[in-house]
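Asks: Residue numbers (this note's numbering), protein chains in the order written: chain C, 1 to 410; chain G, 411 to 517.
Derived by calculation from the structure, the hints in this document are not laboratory data.
Treat the hints loosely; a few may be bogus.
If the Cβ cut is set under 7 Å, some of the chain C residues that face chain G in the computed set are [what the hints assert, rightly or not]: (1) 103; (2) 207; (3) 220; (4) 222; (5) 262.
Footprint (simulated), chain C over chain G, 3 or more residues, beta carbon under 8 Å [stated by the list, open to error]: (6) 466-475; (7) 479-491.
Label pairs and their calculated CB-CB ranges [stated by the list, open to error]: (8) C:273 - G:415: 49 to 57 Å; (9) C:64 - G:440: 39 to 47 Å; (10) C:36 - G:465: 54 to 62 Å; (11) C:313 - G:466: 37 to 45 Å; (12) G:465 - C:313: 31 to 39 Å; (13) G:489 - C:339: 42 to 50 Å; (14) G:514 - C:119: 42 to 50 Å; (15) G:489 - C:49: 48 to 56 Å; (16) C:180 - G:466: 27 to 35 Å.
Backbone N, C-alpha and C define an ideal beta-carbon position, used for all residues, glycine too.
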Amino acid sequence: MTVSDPIAPVRSLLATANQDPHPFFDAWREQSPLFWDETVNAWLVLSYDQCREVLIAEDRFRHPYADADATLIDVKGGARNITVLQGAEHQRMHRYIARLFSPQNIQLYHERHLLPTTHFLIDRFIERGTADLAAEFADQLPARVFMSLFGMDAHDDIFVARVRELHEIIMKWSGGRQFQGEEMTQLALAASQELNEILLPYIRARRDNPQPDLISRLWAEAPEVLEGVTEDDMLATCRELYLGGTDTTVHALCNAIYLLLTQPDVCRAVNADRGDTMNSFIEEVMRLLGSVQYRYRIANQDCDVGGVAVKRNDVLIVVNAAANRDPQHYGCPAAVDLRRPSSRDHLAFNAGPRSCVGAPLAREEMRVALGALLDRLPQWRLDSEREAPCFAGLFTRSYRPLHIRFGASH
Amino acid sequence: MPKITFVEPSGKQVEVDAPAGITLLQAAINNNIQGIVGECGGACQCATCHVYIEAPWTDTLPAVGDMEDAMLESTAADRLPTSRLGCEVEISSAMEGLVVHLPSKQF
Chain C
1 MTVSDPIAPV RSLLATANQD PHPFFDAWRE QSPLFWDETV NAWLVLSYDQ
51 CREVLIAEDR FRHPYADADA TLIDVKGGAR NITVLQGAEH QRMHRYIARL
101 FSPQNIQLYH ERHLLPTTHF LIDRFIERGT ADLAAEFADQ LPARVFMSLF
151 GMDAHDDIFV ARVRELHEII MKWSGGRQFQ GEEMTQLALA ASQELNEILL
201 PYIRARRDNP QPDLISRLWA EAPEVLEGVT EDDMLATCRE LYLGGTDTTV
251 HALCNAIYLL LTQPDVCRAV NADRGDTMNS FIEEVMRLLG SVQYRYRIAN
301 QDCDVGGVAV KRNDVLIVVN AAANRDPQHY GCPAAVDLRR PSSRDHLAFN
351 AGPRSCVGAP LAREEMRVAL GALLDRLPQW RLDSEREAPC FAGLFTRSYR
401 PLHIRFGASH
Chain G
411 MPKITFVEPS GKQVEVDAPA GITLLQAAIN NNIQGIVGEC GGACQCATCH
461 VYIEAPWTDT LPAVGDMEDA MLESTAADRL PTSRLGCEVE ISSAMEGLVV
511 HLPSKQF
């Protein structure tokens, strides 16, 4: 690397915001599987094997919420929230939520919530011949699907926009509380309070008058999972489901649409086979571009990670986005390969006891959404006269805006 | 080291030497067996290491635990009396000749 190399001066994860981070990840990984980031005072874990090792060994590398303080619990909506829970209580909750998103339940959600919400959104711009698929579709779909699951009005634009805005604040804060300052913490606390005020009336109404929706189901079944479940516990559980369901899939959808619009061969192959090829494509989107880019862990003792000495209580930022392009694990790591063996072994949905419990719902949302776009927007293409997409973000990243034209081009 | 036979969804049989103490999931991954995922890394949290145990082993393996029983309700392929999660079956020297079938789908 020479002095004129643009990679060389960049020594922190923070400096990669709003640009393609992979040249930096690749350069750092070439030096070592772990890279000390002075700015954030943490190890960046960059190689596939070491990321997986750290994520799976929760007895050696604890989740930072094991040390949750009152501020964090307030922002997350309560202590008995799936991400804040630890040990046996976490395991029970994780298994329970996994069952809510079992293949059998996903099929029910597909018919009742995913298909109608997807077509409702496309119907709103189909006659226009143009759309921003980031703002008008990808940003909208996951939040509205979850509102539909919760028995809320999924067609209320102002309500959806506000909920999304509040969740974005909380996601941003979650991605780096320690380097974002007090002002951001206060914003996150205020967003959390507003979300509590939005959700509580629904939670109370469903307790008193159960309906065929997810909140009512949680009231009925949560006592089997959490001993002495309270209204606060229900709020905490719903808050995390709402957050996970609203924000993360937005980015995955944007990234999938971007790849389809910019790689015609891939788009043709996916269009021709909505089964195995579509499924492989979704896994490649998650591997290549993902949604959540990294997770935090803390070392419980002095240890060796990939030949690097890590001290007790050192913070590790497990950069799954970098692991997913580790050339030691993937051939042609920067390319979409629809025939990649073991296509689901990427770390985009995490691995280990805290693997993403909503991954089956995210995958199904992507299958439904991409299939509907391919069916209903013939000859879609990026609008070259509008702002081009940029890979924006840090904790989550996605290509946006996605201005397209569609319909007959002549 | 017991010999275990995995029968992949395609019908292909793969015999492996599996050290006692590791799980069926780990043995399958170590030997690149097709048809098993183990998305949660073997933490009994995802039901994507679903396997069917061939008779007569079904009744002789250690019983299904409560956690495993709960997750077996979420398998993509039908749960049968022979169903187990690969991450919850620890291989022992007594399992010489065990035959494990992989289901048609894990998700």
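Asks: Tell me if residue 262 (chain C) is really an interface residue toward chain G, meaning its C-beta lies closer than 7 Å to one of theirs.
Replies: Since chain G brings no Cβ nearer than about 28 Å to residue 262 (chain C), farther than 7 Å, the hint is violated.
Asks: Can you let me know if the beta-carbon spacing of residue 64 (chain C) and residue 440 (chain G) is within 39 to 47 Å?
Replies: Check failed, 31 Å falls outside 39 to 47 Å.
Asks: Mind checking the hinted window 54 to 62 Å against the Cβ distance between residue 36 (chain C) and residue 465 (chain G)?
Replies: Since residue 36 (chain C) and residue 465 (chain G) have Cβ atoms about 55 Å apart, the given range 54 to 62 Å holds.
Asks: Taking 27 to 35 Å as the hint, is the beta-carbon distance of residue 180 (chain C) and residue 466 (chain G) inside that range?
Replies: violated, 60 Å
Asks: Tell me if the beta carbons of residue 489 (chain G) and residue 339 (chain C) are separated by a distance inside 42 to 50 Å.
Replies: violated, 31 Å
Asks: Given a cut of 7 Å on the nearest C-beta pair, is the interface hint for residue 103 (chain C) held or broken against chain G?
Replies: Residue 103 (chain C) check passes; min Cβ-Cβ to chain G is 4 Å, inside 7 Å.
Asks: Between the beta carbons of residue 273 (chain C) and residue 415 (chain G), is the distance compatible with 49 to 57 Å?
Replies: For residue 273 (chain C) and residue 415 (chain G) the Cβ distance comes to about 32 Å; the hint is violated.
Asks: Does residue 220 (chain C) pass the interface check with chain G, least Cβ-Cβ distance below 7 Å?
Replies: Violated, about 16 Å.
Asks: Test coverage of the region 466-475 of chain G by chain C using CB-CB distances below 8 Å; three residues minimum.
Replies: violated (count 0)
Asks: A range of 42 to 50 Å was offered for this pair. Does it hold for the Cβ distance of residue 514 (chain G) and residue 119 (chain C)?
Replies: violated, 30 Å
Asks: Using the nearest Cβ pair, does residue 222 (chain C) come within less than 7 Å of chain G?
Replies: violated, 15 Å
Asks: Per the hint of 37 to 45 Å, is the separation of the Cβ atoms of residue 313 (chain C) and residue 466 (chain G) within bounds?
Replies: The hinted range 37 to 45 Å is violated for residue 313 (chain C) and residue 466 (chain G), with Cβ atoms some 51 Å apart.
In terms of the numbered hints stated before, the structure departs from hints 2, 3, 4, 5, 6, 8, 9, 11, 12, 13, 14, 15 and 16, listed from lowest to highest.
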